[in-house]
Amino acid sequence: MQTALRTSLPETELASRANFAPHARVVREERQDERRIQASGLPLSIRGLRKSFGDNEVLRGIDLHIPAGQFVAIVGKSGCGKSTLLRLIAGLEKIDAGSISFGQDIQPEDIRVMFQEPRLLPWARVLANVEVGLGRDRASTDAHARAEKALTEVGLADKREQWPSVLSGGQKQRVALGRALVSRPRVLAFDEPLGALDALTRISMQRLLERVWRDQGFTAILVTHDVSEAVALADRVLVIEEGRIAHDVTVNAARPRQRGSADLAGLEGSILSHLLSADDRT
Amino acid sequence: MSLIDSISLPRSISLPRIDGLIQWIVPLAIIGIWQVASVTGFVPTRVLPAPSDVVLAGWKLLLSGELVRNIWVSFWRASIGFLIGGSIGFAFGLANGLSQLSARLTDTTLQMVRNVPHLALIPLVILWFGIDESAKLFLVALGVFFPIYLNTLHGIRTVDPQLIEMGRIYGMTDGELFRRVIFPGALPSIFVGIRFALGIMWLTLIVAETIAASSGLGYMAMQAREFMLIDVVVLSILIYALLGKLADSASRVLERLTLSWHPAFQKR
Chain G
12 MQTALRTSLP ETELASRANF APHARVVREE RQDERRIQAS GLPLSIRGLR KSFGDNEVLR
72 GIDLHIPAGQ FVAIVGKSGC GKSTLLRLIA GLEKIDAGSI SFGQDIQPED IRVMFQEPRL
132 LPWARVLANV EVGLGRDRAS TDAHARAEKA LTEVGLADKR EQWPSVLSGG QKQRVALGRA
192 LVSRPRVLAF DEPLGALDAL TRISMQRLLE RVWRDQGFTA ILVTHDVSEA VALADRVLVI
252 EEGRIAHDVT VNAARPRQRG SADLAGLEGS ILSHLLSADD RT
Chain H
13 MSLIDSISLP RSISLPRIDG LIQWIVPLAI IGIWQVASVT GFVPTRVLPA PSDVVLAGWK
73 LLLSGELVRN IWVSFWRASI GFLIGGSIGF AFGLANGLSQ LSARLTDTTL QMVRNVPHLA
133 LIPLVILWFG IDESAKLFLV ALGVFFPIYL NTLHGIRTVD PQLIEMGRIY GMTDGELFRR
193 VIFPGALPSI FVGIRFALGI MWLTLIVAET IAASSGLGYM AMQAREFMLI DVVVLSILIY
253 ALLGKLADSA SRVLERLTLS WHPAFQKR
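Protein sequence lines correspond, in order, to chains G and H. To get the numbering used here, take the position in the first sequence, counting from 1, and add 11. To get the numbering used here, take the position in the second sequence, counting from 1, and add 12.
Don't take each hint at face value.
[Claimed, not checked] For the chain G half of the interface with chain H, some residues (derived, Cβ under 8 Å), not all of them:
id	residue
1	Pro119
2	Val124
3	Glu128
4	Arg130
5	Leu132
6	Pro133
7	Trp134
8	Val143
9	Gly144
10	Gly146
11	Arg147
12	Ser151
13	Trp174
These are computed hints drawn from the structure, not numbers from a lab. Each residue gets a CB set at the ideal place from its N, CA and C atoms; glycine is no exception.
Hey, can you work out the whole structure from these sequences and the hints?
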């Protein structure tokens, strides 16, 4: 059985994937219906993944299996390669060596990324921005209804006709989340999505992330520099050091999680000491 | 999905109320002081005719049909020249903003030509075209070309690369990416170019009509000078000011219609 391996794709691949042959479209629509019934996550297998920028080898052989629907947080110091790993998973960068497999053929709409910046189109109203997330389904008749549903999920249905410039930072990020969710992705990658928000907004956004993840069951990959955020949200925390996975920590705590509880704090402390001891060695 | 969808219209265009009148206080005051100074003989009418005399001269020219004809000729030259130069500048701006090859091929050449003051070409243009219409159109088009070219290019180059990456991730085709991300992103800068170009358009036309023309406002002013009709000279200058203001207002209205998303154009 042929699985979709994401190997060195040229950058234009993303654009050219939008022009599928008509028969492929029919197949995809059937798949879409099936997916709406069971919008489940995809498993992820990474083998021997390497990536360099010039002489700088950022990822030095990553082997990783993520079961479908798991919430994985990736932490590490800046420059450790965590964002690069996320961009490779999302198909934003070319792979130098190794492979990333999702166990089956995937569509561009199956994987979505949320960045630290909301990246909303300032000249499109909130609802139109969410519709962008539908990808090739933008022209379909239920595009509006689906975008409104996604906007309701992130609690911004009343802002649908606003310009992004009048929204607060947290609201913009929620619109970006709605845009990522509207195509019912099966893998959602977050690149420090809450990094630019104030502490209170962060906490309410973390709750929102946890809720939509539990509702929709996608596989979530969260890159963050905030260990307490990683521990509060993830099933599993990966610590990356110098381009390799240095620690793989399982978080066994009931959901929804109580922030600041003793066992989470203990786990946070031990991950932090891992990170800091690496600092002492260098 | 067309451009109109992506830049959608604002709900209402506010009409200028009392606030809008404030800007006219200073020009009206100047005219008032000027009238008083002329009537009292403080400023000799040989140097500067009274505003009332200028209005009278305008009225006479209006009745003879000369004024309307000359304004129309100048307006026509300005618009056609602007359209030609503006479209070529816009096309080059797009091409060089979107294609590295095109930019490397033509940008250096265009920058060299830009450094020649286009009015310096007047002797050459007269030799080429005589004092024909094409001479004026050529000069206006050339003058208008550069601000629009430079600002379109700058606008496209400075579109947020993160937004372009976002568009690609969400499966936009090249055409959609242009319509929904690149062009709207470049539009504020393009408008800066248009407003610069409008200024250059009038400047070029005045000079060209003053030096080599047989009709138009500049010609009217030069003819009046020959016959010492100082009121007509002043009238021509005022009409230029008015036309320039009109062109600027038109571009502002257009800007407000298309950039209603921009924080600078939102009502507080």
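Evaluation of the provided hints:
For Pro119(G), the interface hint holds, since its Cβ comes within 8 Å of a Cβ in chain H; the closest pair sits about 5 Å apart. With a least beta-carbon distance of about 6 Å to chain H, the hint placing Val124(G) at the interface is held under the 8 Å criterion. Checking Glu128(G) against chain H by beta carbon gives a least distance of about 6 Å; that is within 8 Å, so the hint holds. The beta carbon of Arg130(G) comes within 4 Å of a beta carbon in chain H, closer than 8 Å, and the hint placing it at the interface holds.
Checking Leu132(G) against chain H by beta carbon gives a least distance of about 7 Å; that is within 8 Å, so the hint holds. Checking Pro133(G) against chain H by beta carbon gives a least distance of about 6 Å; that is within 8 Å, so the hint holds. Taking 8 Å as the C-beta contact cut-off toward chain H, the hint placing Trp134(G) at the interface holds, the least distance being around 4 Å. Hint status for Val143(G): holds, given a least beta-carbon distance of 5 Å to chain H, under 8 Å.
Interface hint at Gly144(G): satisfied, since its Cβ lies 6 Å from the closest Cβ of chain H, which is below the 8 Å cut-off. Annotation: interface hint on Gly146(G) holds; nearest CB of chain H at approximately 4 Å, less than 8 Å. About 5 Å separates the beta-carbon of Arg147(G) from the nearest beta-carbon of chain H, less than 8 Å, and the hint is met. Using the Cβ-Cβ criterion of 8 Å, the hint placing Ser151(G) at the interface with chain H is not satisfied: the shortest such distance is roughly 13 Å.
A hinted interface residue such as Trp174(G) counts as satisfied when its beta carbon comes closer than 8 Å to some beta carbon of chain H; here the least separation is about 5 Å, so the hint holds.
In summary, the structure is inconsistent with hint 12 from the numbered list given earlier, while agreeing with all the others.
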